[in-house]
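Protein chains in written order, with the numbering used here: chain R, 186 to 298; chain P, 4 to 113.
Read the hints as simulated data drawn from the structure, not as lab findings.
A portion of the hints provided could be inaccurate.
Distance windows between CB atoms, simulated [unchecked claim]:
1) P:Q48 with R:D256: 16 to 26 Å
2) P:N33 with R:S243: 18 to 28 Å
3) R:L196 with P:T29: 13 to 23 Å
4) R:N215 with P:Q45: 41 to 51 Å
5) P:G104 with R:N248: 43 to 53 Å
6) R:T195 with P:Q48: 11 to 21 Å
7) P:A20 with R:G228: 36 to 46 Å
8) R:S250 with P:H80: 25 to 35 Å
9) P:P10 with R:G201: 16 to 26 Å
10) P:S97 with R:N248: 25 to 35 Å
11) P:Q45 with R:D256: 23 to 33 Å
12) P:I66 with R:P203: 24 to 34 Å
13) P:K55 with R:G201: 43 to 53 Å
With a Cα cut of at most 16 Å, we get these calculated EDC-like pairs of lysine to aspartate or glutamate [what the hints assert, rightly or not]:
14) R:K280 with R:E207
15) P:K100 with R:E244
16) R:K280 with R:D256
17) P:K55 with P:E69
18) P:K100 with R:E211
19) P:K6 with P:E34
We put the CB at the ideal spot given by N, CA and C, even for glycine.
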Amino acid sequence: SQTIHQWPATLVQPVGSPLSLECTVEGTSNPNLYWYRQAAGRGLQLLFYSVGIGQISSEVPQNLSASRPQDRQFILSSKKLLLSDSGFYLCAWSKAGVAETQYFGPGTRLLVL
Amino acid sequence: DAKTTQPTSMDCAEGRAANLPCNHSTISGNEYVYWYRQIHSQGPQYIIHGLKNNETNEMASLIITEDRKSSTLILPHATLRDTAVYYCIVTGGSNYKLTFGKGTLLTVNP
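Bound conformation, chain R alone (with noise of 0.2 Å):
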């Protein structure tokens, strides 16, 4: 079966420091993977995803910045942190394909001070 892992759990980062979150999915290969983000009392909102190794597509323009160094690992990144990136950031996995179901990490949850 396929398992979604991320980490760290909970981050506390004080503004303009970096950032990298990972995400791992095991038990699958060449899967599409996801980075969402949910702020405090809003819906998740999608930031990036990718469709294979070096391959990222971006939703939002922002802060944030997304890799994928091997198949099944999603890396996302920032060199200053703002107060604004604060909330909980989610990874997702889904098969290859578009409107594949996606399958949801346990997220991370940063606070940037």
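We have chain R already, so just place chain P on it with the hints.
Here is chain P on its own, set in the frame of chain R:
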């Protein structure tokens, strides 16, 4: 993606069926209806999805009206652990994105 409309909140007694409605009157022919739920402080959990026909799995049943403009998620025997926000999402075609609205907060009471 077609927009969905759900009640803000619902209550259900433990052991009874929970019926969560969703309106999606602008759904296109190639769009699916998906249901996810999010228990507090956890990632969304996939429940079920369907295109035209009613669907059932180990978690729930999905009833889609014949005109596909609305659907109902049924949890046959709700437990306290089913307390969560339930999201109805319409997506399909060439879309990679799931658009989450505010969902329905289902509270299962003892």
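| request: Hints the structure violates: just list their numbers, smallest first. | output: Result: hints 3, 4, 5, 7, 8, 9, 12, 14 and 18 break, sorted rising.
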